[in-house]
Each structure stands twice: as structure tokens, then as C-alpha cells.
Amino acid sequence: MMFSINMQHISKRFGNLRANDGVNFSVQQGEIHALVGENGAGKSTLMNILYGIHQPDEGSILLNENLVKLETPARAISFGIGMVHQHFMLIPSLTVTENIILGNELTSMLGFINSSEAERTIEQLSDRYRLPVNPRARVESLSVGQQQRVELLKLLYRNAEILILDEPTPVLTPQEVEELFHTLNNFKSMGKTVILITHKLSEVMAISNSVTVMRRGKVVTRVDTVSTSQIELARLMVGHDVEFRTVKTSPPSSMPVLVVEGVSAQSDRHLPAVRNLSLSIAGGEILGIAAIEGNGQSELIQVITGLRKPTAGKVVIKGQEYLSSRHHPPVSHIPEDRGKQGLVLDFTISENLILGRHQEKNFSGLFRLFNEKVESNAKQLIQVYDIRPPTKHLRVRNLSGGNQQKVIIARELSKNAPVIVANHPTRGLDIWAIEFVHSSLLRERTNGKAILLVSSDLEELLKLSDRIAVMYEGEIVTIVEAKNTTERELGIYMTGAVKRGA
Amino acid sequence: MLALLLSFIIGGVFILLIGKDPFVVYAMFFSQTMGSWYGIGQVLFKATPLIFTGLSAAISFRAGLFNIGAEGQLIIGSFLVAMVGCTFSSLPSFLLIPCALLAGALGGALWGAIPGFLKAKFGAHEVINTIMMNFVAAGVISYLVTNVYSVPATVHTPQITASAELLRLDVFASAFHGSPVNVSLFIALAACGGVYYLLWRTRFGYELRAIGLNPIAAEYGGISIARRTVLTLALAGALAGLVGGNFVLGYKHYYELGFSEGIGFIGIAVALLARNHPIGIVLASIFFGILEYGSLTINTMVPKELSNILQAIVILFMITLTKFLSRWTTHLQECIVQDSNV
Ligand SMILES: Nc1ncnc2c1ncn2[C@@H]1O[C@H](COP(=O)(O)OP(=O)(O)O)[C@@H](O)[C@H]1O
Ligand SMILES: [Mg+2]
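Chains as they are written, first to last, in my numbering: chain L, 1 to 502; chain E, 503 to 844.
Same shape as in the complex, but just chain L (with noise of 0.2 Å):
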């Protein structure tokens, strides 16, 4: 069999970290590849070495039968070979042009950019693959979708035959993972070779004609899409049977525990962010919200948690208005971006488990921290959350994602709040943390918490909701039964092309 690229016995340490431990790879000319497996697996490192930004330490590289030394990006750009980043690469206050011919200027004669003759070739490019972008746009004003495109065009004016896509899908919404696909059984019947890099199952089986499964830094097994299912990729990704334990009970009852009434804010740029939006959560109740990254969420969120004064509006926890920010209300909050808004990452595990708590009366007097009372609250949340390792005196910035996000939750779920409000709980998380995660909100609806759930996977939020709320624009166009939805209505909501009673 003739395989266009195809990596023999890969190795790559990290210290002392096994990242690719003896990989084989293999990927035929003109098929979509999927590379799947649990966060760390090691599949963006591989991808990596074939995009020449790591040196494997040992093992070898053939293209189209050929051995080759891929030193650089420039040298597996020569070969044909390009790649799109889990995070985009692009810089925001050019244009897309700039964007794309950076590092692959055409110069006149006296060495000044000829960016006319690129613009024509990217709209050329653009029109044949399907790719549609104003080459003149900024990139800072264009949506996370196009921004993708972006990426894409940047590859193929570089004449990429084989394309990486290290995580493409995360960021964007149903309709626009739709059209990238589209867009990738494109290049496939142009004779072009894709891999792409997930781990939503659903998406490989869409997609791919054929998968390699990775665990722990080894290939566990490389298939034809057509001879499996999601159940045994699934069982392969993590080594054992998932279990998918999380299965909702007991209805909501129906007294509203969180009420926003007609709620406006402002965000940071003072440009208006969430309009007269009002909803309410009953005791166990989850109320999910589905909308796209900077419709009104985030600072919604920051309202009810007291970190966001409204400009108009009242919010109401058990019949109790809570407006000032001097007053914090009784909410748990697992926020949005861990390291940077829920941890003090050079804090320990201990001081850490009372971060927002540490002004409660067991913990502190007017003037004592009880380092006692501290340390037997971590001794006893460690135990009860399995937080490992189970050192009280680590610091947090030494825990795996997973770990640190558990002392997030262990921390405000303690707090026995009527409220609680988790914003994006398990992103980047892997697959048996997200369970965690899960399993605890769905404890605390059981326990007749009323639950705000902000994410952007809607899988999740068709799992775990009662209720889902779509935000565009600071409004809520819409709230639906979870169980009478499906993730492809929610996109139609979520892109505002739709409003309500429309």
C-alpha cells in the first residue's frame, strides 16, 4: 500500500515524560485521517514532529516512500506539509492578507510587499476551495470561523498538499464545524491529505475514512472508519469501558431560587452587553446557556456572581436582592479560565480551598487566619474530592488541569450555596475529569441547587440541562427543553438567525 506519509518507531521525551513512545503513523495520499485520544495522549507533539517543530528522538519520517529530515516548519513546508494550531497563529491588527503572506513575502525589485499580486492569488484561492474571506478584512474583526479560513488559505497559498488540524472543531459552532467539513471533503477530492486532530467521536465517524487511536503517548490501534463504532473508540481512547453514569433524577422542583430580573451590563469596553435579560432557576434545576463566545454570557455570569456592577436590573437569590458588588451573594462559582480567575497558582492546595472563603468565621477572624481550621478543611476536601496528589502543601500550579479544577469545585461547592454558576466546567479537561465534573453538578441538582451552566459544548449541554437558554447579542433568543432539542436547532439560534416569535 502506497502511504503518503508514514512514521516509523517515533520517540519524544519531555524530561521525563514519554509525549510519543515508538509510534508508528501512516496516512494514505487523499484520505481524511482522524488522530484521536485523550488530552495528553500525545497527538499534538506527533503532529508536531511531522510539522518539523519538534526533533523526534528517534525514529523516521518517510514521505511518499521517501526518508526526509524535517529541521524546521520551512522544511516540512517545502515537502507540502502544513498545519493549523490548536491555538490560531494569527495577529490580530493585520489584515487577512498580511496574515497569510507573513513569513512568505513576495517582494518587488526594491524589496517592498507585493501584497495586490497575493491579494488576487488569495481570492483566487478562495473562490476555488470555497473558502470565502475579504482579504482586506483585519483579522481581529472576523469571527472565529472565518479566522479558521484564514488559517486554511495560509496553507494552501503555501501549496500545502497534506494538511493538519490539531483541534479545530471546539471553537465553533454546529453550523461551522458543518461547513469545515464541507470544506476538508473538498480537499479530499482535490487529491489533497488531511489529518485531523479530535476527540469528539461523532466527528470521526462524520468525517474520516480511516482513524489511529493514541493513549498515553502509544498508537493503541489504526482502523478504517467503516469496521468500528464510537463505543470502541471510545473504550480504546481510554483503555477500559466508559461507564456514562451521569443520568438525570428527581424533576426540579418549582420554587425559583435565582431570579434575574431585566438585568443590562456593560462590558469592559463599556459597549452594552446584556440587554433587559431576565430569567429564573428553580431548585434543581439546570439551566443551561448556549450561545457564542461574546454574546452577553461572561458578563452575565459576573452579574449574578457580584463581580459585575448591572446598569439596570436586580438580581434575587431566595427571595434576597443582591445588586452591589459590595455584597457578595451566596453563589458558587466555577469560573471560566481556571489558572487565571479560580486559583492562585503559587498558592497551595490549602490555601487555595479557601480562597473566597477565607472571610467566613470558621476560617478567619477579624484579624486570624486559623491556619488550623484551614488545614484540616483541605485535609478533608482532598480526601472527599480525591485530589491528587493528596499533598496539602503542593502548589497548585503543580496539579494536572483535571486535579486543579477539582480544588475549584471542591473549594465552591463547599460553600453550600443556593446558587451555582460553572462556566465552561470542563474545558480541556479529559475525558474521566469531565465525568467528575459532571457528577458533581448533577449531585448538587439533586441536592436542589440551582444551576447556571455556560459552555460552549452543546453536547454538554444537551446532557446535563433542564432547560437551555440561547444568548445572542445579550438577549436570550429562545429557552427550550433540553430533551426537545437538538444541537443543530441550538446553532440556528446561536448564529441570531432566528429571533423569538420569528
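The hints are simulated quantities; they were obtained by calculation from the structure and are not laboratory data. Ideal Cβ placement from N, Cα and C applies to all residues, glycine included. One thing to keep in mind: the hints can contain errors.
Some chain E residues close to chain L (C-beta under 10 Å, calculated; not the full set) [said to hold, decoys possible]: (1) A505; (2) L507; (3) R705; (4) F706; (5) R711; (6) I718; (7) E721.
Given the coordinates of chain L, assemble chain E with the ligands onto it according to the supplied hints.
This is chain E with the ligands only, laid out in the frame that chain L set:
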């Protein structure tokens, strides 16, 4: 140690260049600073104010604030110490001394709180604010001392009353005879203990450290950064203001213009070297005390400029090397943790 050795070698080269024997100079340096109780007393006297300004810089750093204002804060504080010391001459010692020190601390605190307030309220950067406050302090006090309160033909205030004087340590241990080290050394050590307690045993200390390490997470945790900023800088100012105890109450018994010679700024270096830890600050202050007094003793053999150069080189080496070492040790710790995770 390596840093010290390196800088002594470089210093030696300089000394050779001006035609002196480095070994003779160094022998002098060490015997004068550590070879006698008198020398040790001198070193401790020099170290005392550095402990205060080092602590002042350290708690600011811990809260993520770059406080360059210790110089102004200590000028105001020391002046007030002297004024109280010479004004309320009827009070007995046990009241007068605490009152004088309190006045110094309050003056320094005010001088720290003002830039803190400007930062909290208007977002004006504390580096600029505190530097400006230094100029204001220097100007105001210089005017007051030369035009209002001075003893004619001098640049110092009148003598404080005898009952305000702090005892010199040679009263208790005659070995120190002649050196100006005094009871304020103990006040400085107590302040170290106090700062340690504050940082790790109190709610405010916890909040202060949280703000310094991650202000956003602190805010999410319900800590009001603005108020803590004012309070932190006021405390830092109070610590700097206590410097007056050493010089005014313990040594000269009056306030003299220009007495500080940059103690406030050296405090920043002390804090950096000590990595903002109170115990480290005591050690770093003694180290700087040795350098300062040592370079005074070799003044007769080498030009003052050279000893200043040497001091600066040592500081540079020590600070870069400790940074390097700390990065290395944390790296090591992380490796160990990763191993135990596997
Ligand atoms: N530059 C690096 N230095 C040290 N460790 C790294 C580096 N890049 C990745 N790793 C580690 O290698 C492992 C595999 O990472 P990665 O290839 O990014 O996984 P994936 O993309 O499958 O989520 C992880 O444990 C990660 O922490
Ligand atoms: Mg990755």
C-alpha cells in the same frame, strides 16, 4: 558564595588596577567588620534601618506593588520622630519613646497611603506616585529643617530630650563600646516577627499575598484590591517611618538632612535578595551592613568610588545568582513532583 567570590575577584582586579594590593585591602575589610565587637556593632547599626526598609519593600512586593517610596516615607517619619522627641520633653521615657516612634510610623504610613490611594482611586501607577512623594518629602523636610526648626548654622533639628533617647547596646554589653548599635535593633527584629505573623497568620496577610500572586483570582474570591492596596502601602510606609528610631533616638539624637543616604532604595535590594522573606531580610540586611561599613573602613586605602563600585557589583551578582538558583530549585521540585505523579 560563588557570587561573593566572583565579585571579590573582580574587585581585586580593580584594586590592582589602581596600584594597591587587594589582599591587604580585603584583610582590612574583614578585620574591621567582623574582627571585633566594635566592628560588629557598627555593622548591626548599619543593618538596623535596612531591616525596616527591607520589610517595607517586601510587603509591598508581596502584594504585587513596587514601592519606591521608602526613602520619602522614612524622611517624613524620622523628622516626626525628632520633632516629638524634642517637643514633649516633660513626658517620661516609657511614654515619650513609644509616642515618638508612633509619630514616625504614622508619618510614614500617611506618606505611603497617599500614593496607595491615588493608585486605588485613579489607577495612577505606584512607581511614579511613590517617586514623586519622595521628592515632595525631601523638599518639605529640607525647607522645614533649614528655615524653621534648625539649630542655627547647622542642617539639623534641635536635640531631643534625654528621656527620648534609646539605649545603646554597649550599656548592656560593654564589648560593643563606642559603636552606635542600639535598642532599635530589637525593635527591627520584632518588626520582622510581626511581618512574618502578618503575612502567614492573618487574614489580611493571606489576602495581600493572594493579590500579589494573582489579582484577578483574588477579586473573584471577594477581596477588594483597592482597599488592600492603600492599607499595604500605609503599612510599608509605617515600617519605613520607624527607621527614625535608629538614627534619631538611638544615635545622633537629632534629625539631620541627608542622613539616609539611600537606605530606602537599598531596602529594595535587600528585599529582592531575601526573596521577600522576613528572616532572609535580617540576613540580607546584615550582609549589606557589612558591605556598607566595610567600604567605610577601606576608604583610607582606596577611593570611595571604588568601594561603591564593589558594592554595586556584589549586589548585582547576588541578585542575579539567587534568581538563577531559585529558578533551578523550583524546576527540580517540579521534576520530583512529576515523578511521583507517574
Ligand atoms: N513542550 C513540551 N514540554 C514538556 N512537556 C510537553 C510539551 N509538549 C507537550 N508536553 C507533554 O506531553 C504530553 C502530550 O502532550 P500533547 O501532545 O499536547 O497531547 P495531546 O495533544 O494529545 O493532548 C502531555 O503530558 C504534555 O504535558
Ligand atoms: Mg493537543
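Verification of the supplied hints:
With a cut of 10 Å, the hint placing A505/E at the interface with chain L is violated, because the nearest CB-to-CB distance is about 25 Å. Given the 10 Å rule on beta carbons, the hint for L507/E is violated: about 31 Å separates it from the nearest Cβ of chain L. Interface restraint check: R705/E against chain L, minimum CB-CB distance 4 Å, threshold 10 Å, status holds. Taking 10 Å as the C-beta contact cut-off toward chain L, the hint placing F706/E at the interface holds, the least distance being around 7 Å.
Restraint check, R711/E versus chain L: the minimum CB separation of about 7 Å is within 10 Å; hint holds. For the restraint placing I718/E at the interface with chain L, the shortest Cβ-Cβ distance is roughly 5 Å, inside the 10 Å limit, so the hint holds. For E721/E, the interface hint holds, since its Cβ comes within 10 Å of a Cβ in chain L; the closest pair sits about 7 Å apart.
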